[in-house]
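**Student:** Protein sequence lines, in the order shown, are assigned to chains A and B. So the first sequence is numbered by our numbering: it starts at 1 and just counts up by one. So the second sequence is numbered by our numbering: it starts at 1 and just counts up by one.
FYI, nobody ran anything at the bench for these hints, they're computed from the structure. Be careful, since some hints might not be right.
[To be verified] Pair by pair, the computed Cβ-Cβ distance ranges are: (1) B:V372 / A:S118: 54 to 64 Å; (2) A:D69 / B:N722: 55 to 65 Å; (3) B:N722 / A:S118: 45 to 55 Å; (4) A:D69 / B:D204: 50 to 60 Å; (5) A:V150 / B:P648: 25 to 35 Å; (6) A:E148 / B:K611: 25 to 35 Å; (7) A:K18 / B:E263: 47 to 57 Å; (8) B:H617 / A:D69: 43 to 53 Å; (9) B:D248 / A:Q113: 45 to 55 Å; (10) B:Y211 / A:S118: 25 to 35 Å; (11) A:K120 / B:K615: 20 to 30 Å.
C-beta atoms are modelled at their ideal positions from N, C-alpha and C, and glycine is treated no differently.
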Amino acid sequence: MISLKVNGVSRQFNGDPKMPLLWYLRDELGLTGSKFGCGTGLCGACTVHVDGAAVRGCITSVQMAANKDVTTIEGLDPNGNHPVQRAWREVNVPQCGYCQSGQIMSAAALLRQNPDPSDKQIIDGMAGNICRCGTYQRIFAAVRKAAEEV
Amino acid sequence: MAAIVNLSRRDFLKGTGAATALVIGANVLPGALMREAHAQATEAQPNLFVKIANDGKVTITCSRVEMGQGVRTGIPMMLADELEADWNRVAIWQAPGDADKYDPAGKDGQNTDGSRSTRHHLDVMRELGAGARYTLEMAAAQKWGVNIQDVYAKHHRIYNSRNGQSFDYGELVDVAAGINIPAGEAAPKLRLKDKSQWKYIGKDMPVVDNYDMSTGGANYGADISIPGMKIAVIARSPVYRGKVRSFDAREALKVQGVEKVVEIPALADDKPAEFRALGGIAVIGTNTWSVLEGRRKLKISWDLGPNRVHSSRTYDNKLRKSARKGGAVVRNRGDFDRAVKGAAKVVEKEYFVPYFIHTPMEPPAAIVDANVRPVKVWASTQSPNECRQYVAEALGVEKADVECWTTLLGGGFGRKSKPDFACEAAILSKMTGSPVRVQWTREDEIQNGYYHTVSAHVMKAGLDSRGKVVAWKHSGSWPSILGLWNPQQKTGFGIEYGLGMVDVGYDNVPNIRIENGEADIHIRVGWYRSVNNIQHAYAQNCFAYELAAAAGRDPLEMLLEMIGDADNMDLAKDGVKEYWNYGDPVEDWPVMPVRLSNVLKTVAQKAGYGKKLPKGHGLGLAVHRSFHSYVATAVHVVVHDDGTFSIPQVDTAIDCGRYVNPEGIRKQIEGAAIYGNSIARWGRITTKRGAVEQSNFHDYPITRISDAPLNVRVHIVEDFVNLRPCGVGEPGVPPYTPALINAIYEATGKRIYELPIGDKIKV
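Chain A with its partners taken away, still in its complex shape:
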């Protein structure tokens, strides 16, 4: 039995402790905002926060999150108005939108760690998230904009 908190709600998990958080969130809890992109930690579409730090949900087991706080895109802000989310809409970032949950979670963790990042720090901090539509120019602009607000 593994205990953890997901978006502030206490959860108990009885299944395979090696199950990646991504599949636990999606298949067991129905939190489908975190996306499956590669299954090997290479694309960042599954990014969630564990105790405030960005991790790849597809290679982080439920066991590794035992007794910790997991935050998904659904729990980032009760009204979807985290500064990063607002900046994302103001800059009109998304195209297909599929990678955007992971991008936003990476950006939110980056700004929590470093509220005033340099250009290089933004690029380094976001380089683990692939966007196939190619919205990087706007991602960069939105992180910069959000940084002004946090």
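Following the hints, put chain B in place on chain A, whose structure we already have.
**Tutor:** Chain B in isolation, oriented as in the chain A frame:
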């Protein structure tokens, strides 16, 4: 012109809660390009709706699939503008696949690819909006007892121009619902707004799904769950059309959560692949992790079949030889051989482009319940009608017995036009008696996909003594997309020739010959964003730069001279048989060299072409027409001492004729530069003994923010804005790669004849 129909009182709306709404549909009249099925439907089903509820809420049907191109915003903007609707009171309803109902233009059966949504829908969506507005005007005139000429619509209200009174649209619904719009001869002549009155068309609009996409609320294929649904992953043959000889599922079945392991029989040998399921071993269970674990534990013995001969190392050389040999002459102007004999200088170079795979961020996923009628399909498909057709065939039922609902697509790029993954889910659902979601992994997507074709190109040209290009030859060989339907196919076909090959815009070159050699099919070759335009634009633009150097001339001046400024290039005169013009008549979308030269001049000026640049810097140009649009790109590259390079600026000028959402165009072109950057720097799929060697983003990299151009400037060229709308989703991609490679040449003197470039330039 579509006939506008008031559907508010029609029987089929009963029970849909639409009784208190005004519902407008359209019948497409013959004369629009009709498919057979449409032509036969004399009692045409009204096929597109706008619904206005009595609270004034307007619901617009979007019959095109959203995959990031912004179609759920752009198409409704057209209708809302003519309707004079308040955009804040507009909602979008996503239509399922039903070409008889939801293909208002009657041109492409809702298949959302080919960059054609805007050009096929601008007229009909405007007419629908005008029809709805007319009905509301009639209702208001009736209520006031005045003539329709005395009322006008503005921002969700109808005004009485005599006394200034007004009604909100919602207040008019009850009366409007009963208004009979005369048909045929008596049909009202709808007044379309003058473009000076447009409030949305041509103006920036953020996408309607922005909030959902920024909060995790947007639904893609795999986000759909239905009661009783099982999850499946499939082990497929590593080699195209290989078959299962035997398998052992004992270990797989021990995994907690795995319920069944079943074989999808291999597709019969006499059936071409098309979009069908090819077979494999499916592991079915209650959650994705379990079935993935189960799949890892399968032991399968494969009969790999004849395609195991397909190794890039040998196949690529055969392709190069074939291109050198040439073959079918698909365009012939003047006399290339004679001209090249008389030339002062002859240049010949070869270019090579490997296979690519789409890698949309969302791997394919589909949910099918095959045990109900109609069969229900939810899929991230670009082509819901073909999805119905192939699912019906897989199940042995009629297409009419299959419903297909589309989700948002986490990228498409042509992969999701092919509904093989929905066929797999259908077969498994029928076999197991449960609804089934088939989930593809990234490895599945990269190793069992529909590949952008590999191609070899031999370019040869003659220059006269003044350095003018007098002869141009392009000979290309590649395995054809037609191989999906005819595995014995040896050459390309009209569509592939039309994708930027025979229509090369060097209209001032007096002798042009274009040939196509033969190639065998060993893999599923399919279309991919921009399709064959990618390699054609690369070979043409890089070779033109090479010719400029050979002539000691400035490449921009040389390109402009080669293109000229004619307002029409008639390919029939050059022996091009049945030129495929993106499925549209050349009378409506001619090939216009003047627009090519115009975007090229524009981009050169915007990018500061001709300025002296520091050592290691280069500015490269390329220009290409595709999907009727004319696009020129200037890439500014900085090559560092160690061969790594960065791209401080990209300028792209696009002339896409009449446009709807400039913000959408900018996004597509910004993204196209990045998509092109992945092609240029990283794109390469290879095979060894028939199997794809790459498997995930570590060995098939995609451009990240760290190697992306982050300063892409988009210049929308207005000079031909009164001409018909052209494509936007794809045309930005082809010029990027040659512009980058030409820039690298300017910076280093190094030519690149084979893609991809990789992480460093080997100087």
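**Student:** For every hint, state whether the structure bears it out.
**Tutor:** Going down the list of hints, with the structure as the test:
Against the hinted window of 54 to 64 Å, the Cβ-Cβ separation of V372 of chain B and S118 of chain A comes to about 57 Å, which satisfies the hint. Take D69 of chain A and N722 of chain B: their Cβ atoms lie about 58 Å apart, and the range 55 to 65 Å holds. The hinted range of 45 to 55 Å is satisfied by N722 of chain B and S118 of chain A, whose Cβ atoms lie roughly 47 Å apart. For the hinted restraint 50 to 60 Å between D69 of chain A and D204 of chain B, the CB-CB distance of approximately 40 Å leaves it violated.
Between V150 of chain A and P648 of chain B the CB atoms are about 28 Å apart, so this pair conforms to the stated range of 25 to 35 Å. Between E148 of chain A and K611 of chain B the C-beta distance comes to about 33 Å, which sits within the given range of 25 to 35 Å. A C-beta distance of roughly 28 Å is found between K18 of chain A and E263 of chain B, which places it outside the suggested range of 47 to 57 Å. Taking 43 to 53 Å as the suggested C-beta distance range, the pair H617 of chain B and D69 of chain A conforms, at roughly 49 Å.
For the pair D248 of chain B and Q113 of chain A, the supplied restraint of 45 to 55 Å holds, since their beta-carbon distance comes to about 49 Å. Between Y211 of chain B and S118 of chain A the CB atoms are about 30 Å apart, so this pair conforms to the stated range of 25 to 35 Å. For the pair K120 of chain A and K615 of chain B, the beta carbons lie near 24 Å from each other, so the given range of 20 to 30 Å is met.
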